[in-house]
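Let the sequences and hints guide you as you build the complete structure.
Position 215 of the sequence shown, counted from 1, bears residue number 215 in UniProt numbering, the numbering being contiguous throughout.
Because the hints were derived from the structure by calculation, they are not lab data. Hints may contain errors.
To be verified - DEER-style ranges, computed between Cβ atoms:
1) Pro62 <-> Ser230: 31 to 41 Å
2) Arg78 <-> Arg190: 44 to 54 Å
3) Glu84 <-> Gly212: 43 to 53 Å
4) Gly58 <-> Asp254: 16 to 26 Å
5) Ala194 <-> Ala162: 15 to 25 Å
6) Thr72 <-> Thr268: 28 to 38 Å
Beta carbons are placed, not taken as given, at the ideal position from N, Cα and C, and that holds for glycine.
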Amino acid sequence: MALIALAADKGAPGVTTAAVALGAVWPRPVLVAECDQGGGDLVYRLPADGSGGARDGGMLNPSRGLLSLAATARRGLRPDQIAEHCQRLVGGLDVLVGLTNAEQAQAMTWLWGPLGRAFAGLSPVDVLADCGRLGAGSPLNDLLREADMVVLFTRATLEQVAHLRERVSALAAELRGGPPIGVIVLADPRDFRASIAEVDRIVAGVQSRLRGQDGAPADADYGPAPPPVSVLGGLALDLKGAELLSGSWGGRLDRSLLIRSAREAAGTLVSRLGAVRPAVQPPAPPPPGGTVQDVPARPLPDPRQQYQEGRL
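The structure is reproduced here in structure tokens:
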């Protein structure tokens, strides 16, 4: 279904925590994939579900994930190859564990484009790709171009908003004709809405400047237009909620500011994605009384069960 690339600029923390929080409340089947070139840390932070062979609450297997997938993808990468390299967290969230260090990423610059195309074709599952911190001319741009949306995270501080402004401008230039760019603000709950509104004002100025530089819609003379940029909402800076997320989430976590704000942000993201790539819907049941086409609706298969059985 949809591929959403999550990233940040220099000094903006929290992409992995945000990806897991969004995945925990995502309203459609979802996979969280670590694509951070600096190395992932899910294996060190979050416990594994025992149903996949690991001890329940034990460590995820660092050798099963993006590294093992890359070893099988030299002759091509298909969406149906991804399932056998995924693992499940306690709480039920499926993840593709990332590389363990930056040195491994240097040997895999060829991977990101094919991986993005495979993620985009992984139906009926959405993929939240944790891309970590971006830099100029990053090989991850090949994955970003395959995404349905690129989402950048920032805090509402002068320094980080300045970095965000430059990163948005650079990405818009690199991804001309590519996916829309969204911004999610990591905001203090005490001035949550005000922080989002302030970043929205600054991003609107960046968008206006990009349109002014372009001067006209995309055509043969001007080339592809820069992607649209907008603020999608915020996530609460909630240290206690982030700590709860490191274990088996339950009732207490569900009431945390982090998860409550993540649920709102996830709903906004899915609604925006609906305009880009419509969600797959189960067939409608027949009307009361039946018709000549009165065939019972078949329920969609459970994607999580398919992952476990290796059929997805």
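Comparing the hints with the structure gives:
1. Between Pro62 and Ser230 the C-beta distance comes to about 37 Å, which sits within the given range of 31 to 41 Å.
2. In this structure the supplied range 44 to 54 Å holds for Arg78 paired with Arg190, their Cβ-Cβ distance being about 48 Å.
3. A C-beta distance of roughly 49 Å is found between Glu84 and Gly212, which places it inside the suggested range of 43 to 53 Å.
4. Take Gly58 and Asp254: their Cβ atoms lie about 24 Å apart, and the range 16 to 26 Å holds.
5. Restraint check, Ala194 to Ala162: a C-beta distance of roughly 19 Å satisfies the suggested window 15 to 25 Å.
6. Between Thr72 and Thr268 the Cβ separation comes to about 36 Å, which falls inside the hinted range of 28 to 38 Å.
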